[in-house]
Every structure is written in C-alpha cells, then in structure tokens.
Amino acid sequence: MKQLFTLALFSLACISAGAQTNCDNAPVVTPGIHNVSFAQGSQAPLLMCFNALPGATALGAWYKYIPDNDYSVTLTTNVGGYPLSDTRLNVYSGSCNNFTCVAGDDDSGGSATSLVHFDVVQGTTYYFAFDNIYSSDDFVFNLTEQEFVPSLFTQRAISLQGTKWCIADMNGDYLDDIVAVEGNSVNLLTQNTNGNGFTPVSYQFPAAQNSPTWSISAGDYDKNGYNDLLFGSSGGASIILASSNNTGFSNVLDSPESIFSQRSNFVDINNDGNLDAFVCHDIAPNVYFQNDGNEGFTYHQGGLGDYGSGGNYGSIWIDYDNDGDIDLFIAKCRGGLNEAGIDELHRNNGDGTFTNVAAEAGLADLHQSWSAAWGDYDNDGDMDIMIGNSAGVYGDNSNLPDSLKQHKLMRNNGDGTFTNITSGSGFDTFTSSNLVHVAHDFDNDGYTDVFCGANTIMHNNGDMTFSPIVITAGSGPIGDLNNDGFLDIQNDNYIYLNSPNGNNWIKINLHGVASNRNGIGARIELYGTGQGWEKQIRDVKSGDGFYYMSTLNTHFGIGTLDAIDRVVIKWPSGTVDTIENPAINSALLVTEGTHVLGTKQLNATAFAVYPNPAKEVLNIKSVVSFDTTKASIYSIDGKLVKSATVQDAAIPVQHLAKGTYIIKVQDKSGKQYSATFIKG
Amino acid sequence: MKQNLLTLILCVVFYSLFSCGDNGNDDYIQIPAGLASPVIMNLDSIPYTKLSHYNFFEGDIKNQQPVQGVLPYDLNSSLFTDYALKKRFVWMPEGTKATYVTDGEVLDFPTGTALIKTFYYDNAYPSGTTDIVETRIMIKKADGWIFANYVWNAEMTEAVLTTNSGSKTIKWYQGDYLRTVNYKIPSQAQCASCHTLNNTFVPIGPKPQNLNKNYTYTDSVNNQLYKWMAIGYLNAVPPNIASTADWTDVSLSLDVRARSYLDINCAHCHTTGGSCSYTPMNLAFNKTNIRSNLGICIEPQDFVSGDEQYIIAGQDAEASLMLSKIRTTDPNEMMPLIGRSLIHREGIALIQEWIDTMDAACP
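Just so you know, the sequences run in chain order A and B.
Here the first sequence stands for residues 1 to 680, where the numbers follow UniProt numbering.
Here the second sequence stands for residues 1 to 363, where the numbers follow UniProt numbering.
These are calculated hints, taken from the structure and not from any lab test.
Since the structure is predicted, the reported quantities are computational estimates derived from the model, not experimental observations.
Accuracy of the hints is not assured; some may be wrong.
Stated by the list, open to error - From the structure, some residues in chain B lie toward chain A, with a derived Cβ separation under 7 angstroms:
#, residue
1, SER193
2, THR272
3, GLY273
4, PRO280
5, THR329
6, PRO331
Stated by the list, open to error - With a straight-line Cα cutoff of 30 angstroms, these simulated DSBU-like cross-link-like pairs (lysine-lysine) come out:
#, chain 1, residue 1, chain 2, residue 2
7, A, LYS621, A, LYS679
8, B, LYS213, B, LYS287
9, A, LYS671, A, LYS642
10, A, LYS405, B, LYS287
11, B, LYS97, B, LYS50
12, A, LYS405, B, LYS325
The beta-carbon is built from N, C-alpha and C at its ideal position, and this holds for glycine as well.
Chain A extracted, bound-state conformation (with noise of 0.2 angstroms):
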C-alpha cells in the first residue's frame, strides 16, 4: 500500500515537474483543453511531417494520445479565450525510437497557430510534439473527436505525358478515357474493358494553333462515333477531329480571329443536329463555331453574352426552364465593380435566338465567379444553381454586399425565378474561393453534391443544406475511372478512386441519332420510389466548372433503392425514349428513337408518324400544322438521308432503303418534333 502510495506520487510529481519533455515522459492527454510550457533541456521533434526544417537548438514539449474508439480527429493551438503563439505540430504514431509521420503543421490555424486533422485507430498511441521555434511562450491546444468517415478516395498514380484535364470515351466503348495533350499529340490511357487498369495510346494530330491552355471539351463534333475535343487558348481555339477508325485525328479547325478562351463547350446551340462549339470570351462577346455538319463551320460572334469588355468565365448549358431546349448560364468576373462582372442567363427562344433573362430570374448579380455548378440538388424536377464564388473580399469587392462576397446557393422556384437560400445552407460557412465547382452525386445517394476545389465536397444532405467532406482529390476531371459506378476524381498525375459505399446507382450512354451523337442537351429523368424523391434529372453536358471534362456519360445514385420505374431521355430532336425497370448497377445504352412509346400511349397533342412499318408515303399526326416545313430523315447511324417539304402532312419515303429511320419536323414556331419509323 505504501509502496503504491509512492509511485502514486512519484508519477504525479512525473507530470506536473518532468513531464511532457521528451518522447518516453510524455503524458496521456484526452479531448479537451491542455496547457503546454517548455521546460529547459526538453527534447525537440526532429522528424518534420510537414514541409520544414526541425529547429536543432529548440526545446519540445510532448503528450500521448491512445483513442478509444476509431475517431477523426482535430487538434488545435487556436483557441478561443486563450492567448495564442505561435507554434509548430508534429503528430506522430509507432514507437519513441521509430516514429512514423500522421500529421504536421505550422500556420493552418490562423494567427500562426497550428491546426491539423487526421483519422486515428482505437488503441494506437499517437505522440503530439510541439517546438518552440518561432516562441517559447506558453499556449494551450484543443483535442477534439469526430465520428471517423472512411476516406472516400483511395490515390493511385498514373503515367502520362501532357496536360491532363478531360475524362472522355475516346475509343467508343463509353468507358472513360483519361485525355493528355502535349504538343502536337494526345496521349490517352483507354481503360480496360473490365474497367482494371487503362492502356496508353499516343496519337498525332495535325498542327494546331492553339493548345488547351484555358479549358478543353469533348464531344462528336463531326458524328463519326469518336470524340473529337475542343481546346480554349488565350490566343484562340481549335477543334481537333478524332478519325472515323479509331485510329487518331485527321483534322484540325481553327477560330479565324483571336480568343481570349476560358471555358469552353460542345453543345448544339441552333438545334441542327449537329454540335457547334462555344467558347466563353475573357475580353470580347462569346464566339461559337456553328457546324455546318460537313467537318467545317461559320464562325459567329454576338448574341450568346455580348457585354463588350467581356467577363465570360463559366458557360454552363442547361434546361433551366424545362421547356425542352437548351439555355446558356454565364458565371462572370471582373475587377473593379465593372458591369462586365453580372451573371448572365441565356433563355433560349427555341428559335435559334437567346434572350438574356438573367435579371428576371433573379441571377444578374455582379458576383466574382469563375464557375456555377447546376444540379437539382432537392430532387424537386428543376435545375438549382451552386454560383461559386471565386474572390476574396479584397480591394473594390470589399464594397459589395455581403450576399455577393460569399458562395450563392439559389432555388429554382420552377416560374423562371431563383430564391437565394445560401442562409444556413452550408455554403455561406464555407468560405474558401475557388474557381472550379461542379455538381455530381458523389456518394450515390441520390442526392447531387457540389465537389468545389480546395479539397472539399459539398455534401448534400438531402434537404438543401450541405456539409463539407474534405477529400484528397484537389480539382480535375471527373468520370468512372474503374467502371464500378462511383465517379472518381482525377488531378494531374493522380486518380482518386471513389471507394463504393454499398448505394445502388446506374449510368446512361447516349447514342443520339437526329440529335448531336453525344446527347448533349438532352433532359435524362429517373423515377423511384421509397428514397425519399420521386424523380431525378441530369443534363447531358460537355464543359462544366473550368478547365476541364469530365465524362460524357450521366450517372445516378439511387441510395438503397433496389428498382428503378423508369428512365426517360428527352432527347434534343424531341424524341422521348422510354426504358421501364432497367437494370440497376449497370450501365445502359439508349440509342436515340429505340425505345418510343407507341401512338396510343401518346396524348393528342404529341407527334406520331404511320403507317409504320412505311412504304411510299409517311403521313404525320399531330395537331400542329407542318405544312410547307421541312422535315429531315435520318438514317439509325445519324446520316441525314432525306429532306423533304411536308405537303397535306405528308412525306414521300419510297426511295429509302429498308431500315429503320428517325424523321424530325419543326414546326413554324421553331419547335422540333420527332419519331421513329421504319422503311418496308
């Protein structure tokens, strides 16, 4: 008993005189608030977890963490009603003699003070060592425990040569492709058909004026079945065209005049079925190459964003107004208070002409943004809208509301307004400017997220507010990069694997045929029941936050949901495909036109042709007039085969070949109308 009572006392007199001065002494710390003092002759940490040089005359101070339970864990020199120093961290598990690095830092913390977070395993003893390099005062740290979250994303590197911002299907496989262009090549690593692994290719292209030194986009520009890509320059922009073998590009077209690129997208803006290619102005109005559907183009400028000092930074083309058409949101920026800053909204008349309703709608803000990133994040049938915000509260931006200096979360109130709801929504406490924020479900659990730079994503928890998820993965283009249906993250010379999490999800490829062969504009909606939502949709997009690509392809978490009711594609032709209880954990082509719904399931006011199958005479019925329009006949592969003038609701067809076909008809108001038939 008394010799206990001793060794009670002697560990005592341990901790509050000797303590905390080397390694082997150092005292056992729980959550909570600790005082640290640097005791002459302590011993300094001279393993640097962080980018730094240990101080070899320093002193140290010492504490032992053994956690209960799995936690993620912060600690902090910052905090609150104690002064602060400042100080220099390592954390350290294994032994005192063999330390292995887990965190370090100097300054995350603000005034000089330390912060780190880290995941820690029950049980394992983990060493915080402080210095006093920079000041020997006395300070305080806070231990905190959070519920562990498995990591995410898993890193693995990759080797390829160039600049590395687009995931795209380069092979037509519609598995995702990591793209790299350097100089006058595309290098690519082809995934593997069992979605392990990737197979490089290198291709030259024909000399180009301009590299992808601003953003780059992919898409089919001239409907051969290969992606083509699309690079923004400050000098300008080329469209570089993938062969119609497989076996790299042939050819090469230039803007004639110079652009001062920042995003850029293939997209098709006059409905032709053919997509053009637009290019967001830095310095100018926005410019497009309209594709004159035989490897050439128009070049236009006017009409999509023509403010004249420009200020186009982010082009985003969504359906915001679900009325079946694609419309034009501008993320803009611009320094000192200047107009050339609001955002701008491109309501497409559906005749070819866009209006700018950004005011209208409640988004002509001068806000400093570099990106927006467009999902229906309550799951409600229409397109909200995350506008990043991408500059600090410095200079003339110091002047602007507050509203305006932070991230803008907005609702679409489905009448063609937005409700600003950033309030409590997450957004407005997370304060990091950044340029690139796009909108994907991460977690597929059929909610979208908003991954936004700066290591972090977005949560959506499901009822408009989002908390963040600090990853790894740093911006880049996003795809399924091992074709298990979680959509990873690739930056520069690494790929972050999305770690499946048990959610049930499903991926649709677009094979468009009167449409642009990508299906970009195309309104996908899915329907279920039991999650919580009914229904959920995507826009077909290419060129989303800046810079980079990301997949073609469209995914959907679904959560525990074990069904799906169906898949609709609202193709930009007007054909709607059906697809009832497709298969989940898969993907699913849909080719355009395959999977109409018959006449009878149509309402009166819709579109249908007969008799089908059609042999001399292809008649329409429909309430709308067409006599006197065009109508264009498409072959299954997406050649045009056949225009013809509609006369008395009638088309002759008796020179096609056998097949099936896609007839498209547009209407005297502009809209566009379309079914499949075949040719007897």
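Given chain A's structure and the hints, the job is docking chain B onto it.
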C-alpha cells in the same frame, strides 16, 4: 524619387524672359507661334487605314523622325514585351494642353491627343538591321480613347491598320545571342483588356510619376514634364512628384526599383478599378508603400498550382507565388496574361533579389 520641379519651373520663367538673347541651342522654338503642326487628325475619320496618313513623321517613315508638334517621350520604367524596344510620341491639337490630376494618374489629355508607340527590335537577324513590328496609337475622341494598331510591312515603308491579333517571328541578336520570339500583335480587345480602368479605356504610361525624368531632345537634355509645360502641352504640376524609378538603375534601392517594375508591368490590372482588383494586391506605385498591398505574407486565392503559401514570402523568393507567376510561360499561369511569350530574365532577377533580401520572413 522626388524631384524638385520648382527649380525647373523657375528656369522656365527665366528662359521665357531671357531666351530672346539666346541664339544657341534654343529648345523652345520647336513650336514657334504661327508654324502649325503638319499632323493630320480628323477625328471623324480616324483611325486611318495607314500610319502615314497621320503625317506624324517626316522623311522616310521608318526613321520615325517626328514632325513639328510630335514630341518624343519616355517612361522611367516600361512594360516588358518580349524585349521589344519602344519609341513613344505625343501629339496634341494646337492650342490644347494636358492637365495634371495626381502624381499617379494619367494626365487629363485634351480631345484629339494621340499617344504613339512603336515596337521594334535592333540588331535583327541576319544583318543587324532594325525590325519595326507595330505602331500602337491611342487617340482621344470627344467620347473617349480609341485604339488603332498599325502593323509594318516587310519593306518598312508603311504600317497598316489591324484590328485582329497576329504574330510575327522575330530573330535578333541580344548581345552575342541569337534569340527568336513569336511576337504577338494584340487585337483591339486585347488592347482594351489592359487599357481599362473603372470600365473606361485609358492610357497607362503617361502619368507624372512615370514622366518625371530627363530626356535627351535633339538639342538639349530636359526634364520631360518641364519640356511639356514649356511647349504648351501641360499645365502646371506640383513641385514635388512622387515618382517611379528606372528599375535598371542599380544605384537605386531594390525596393523602389522593384515597386517601379511592378507598377508598370502589373498595376494596370492589379489596382483599384482594374480588371484584377479582386485579387489581394494593389501594385500601383503610390499604394505599394503599404507592404500588404504588395502581397507580402498575404495568402493567394486559389490560383496556386505549386505549394507557394504567400504571394510574396519575405526572404524566400522560391516560396513566393509572384515569382512563379512571372517565371512561367504557361498561358493560364503566367503574369501578365498577355503581352509576353518569353520570360523577362532581368526582371525576374530583380524581383528574386528584392524578395530574398527583404527585412523579415513571413511567419
């Protein structure tokens, strides 16, 4: 760099009073009363299609010999544009003059003013001739400044109005080294992207802080501001002008050289009212006496591709984002974003030495 202009103003008075008796190298008979400038400036029909139409130069146009009323000038430090040399001239309509605003703001020029700037390379390959690339002119019309850019023909007998961008391969000897550059000729929109302040087109160089220097005129050496006043191109200016310096002048402090360099190369954008004012810097010379405006120990905003913690990390140029921005030619990384395709080795050396020898490191 404050120069006492009062002395010079007194000189003007003195000369005005006594210059009649001075038949020697009298500098002020360039615009004698009654002798009109032959420059042709019809504001309703500019920009002309050809440079020669303005009649800014006499004799062989490539010699850039200014006519009566076209006054050459220079700046303390100038923008780096791929080592191109520059000749600058100003012309104002007869009977008009510019007005001083502040040391750090462009003079308020009268309608009709032309600012003329010719970009050229000496010691061109192979025979060491002069290769003139372009002459950029800003002309002030009643409703503001316009840009007119003239690209020279190969024979250097004429320069033609060009609104779109272009490029020209230049080979020249820089000392003993043969160098090559794909020189970029800016489009009108590119001109405007730098020459815009508070949403208005403006010149950048002709601020009192930059003009306050001696210039070797054909017959004498004079302070430029004094000269402009003497010939009636400028009203009075204060006796002391807080002035930029020649960044190449090694007799001056690194600090004033670096701040002068940053002003002329960066502050057209990185200042209040500029297109890049949303970044945490204000690099205008009259603002960089405040250290934080230089970005010293200031964290950058998401434009970092390396691991630089500060825009300028005191005593550590390698850890400073500013250095990496001026040392790269990556189009989406480099600063300035346009106007150069080479790196400015001498400018980088200046900024590097300036940062490395700062008084204090960042925490």
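Under the criterion that the straight-line Cα-Cα distance not exceed 30 angstroms, is the pair LYS405/A, LYS287/B satisfied?
-> Holds, because 24 angstroms separates the two Cα atoms, which is no more than 30 angstroms.
Does the nearest C-beta of chain A fall within a distance shorter than 7 angstroms of the C-beta of SER193/B?
-> The hint holds - SER193/B has a Cβ within 7 angstroms of chain A, the shortest such distance being about 4 angstroms.
Is the Cα-Cα distance between LYS671/A and LYS642/A 30 angstroms or less?
-> holds, 20 angstroms
Using Cβ atoms only, decide whether THR272/B comes closer than 7 angstroms to chain A, and label the hint accordingly.
-> holds, 5 angstroms
Close enough to count: is the Cβ of PRO331/B nearer than 7 angstroms to one in chain A?
-> Result: holds, 4 angstroms to nearest chain A Cβ.
Using Cβ atoms only, decide whether THR329/B comes closer than 7 angstroms to chain A, and label the hint accordingly.
-> violated, 10 angstroms
PRO280/B as chain A interface residue, shortest Cβ-Cβ below 7 angstroms | holds, 4 angstroms
Straight-line Cα separation of LYS213/B and LYS287/B no greater than 30 angstroms?
-> Holds. LYS213/B to LYS287/B sits at ~21 angstroms (cutoff 30 angstroms).
For the hint on GLY273/B, does the least C-beta distance to chain A fall short of 7 angstroms?
-> For GLY273/B, the interface hint holds, since the closest Cβ of chain A sits about 4 angstroms away, which is under 7 angstroms.
When you check the alpha-carbon spacing of LYS621/A and LYS679/A, does it fall within 30 angstroms?
-> holds, 17 angstroms
Given the hinted pair LYS97/B and LYS50/B, is their alpha-carbon gap at most 30 angstroms?
-> holds, 26 angstroms
Below or equal to 30 angstroms on CA atoms is what counts here, so check LYS405/A against LYS325/B.
-> holds, 26 angstroms
In this structure, the one hint that does not hold is number 5.
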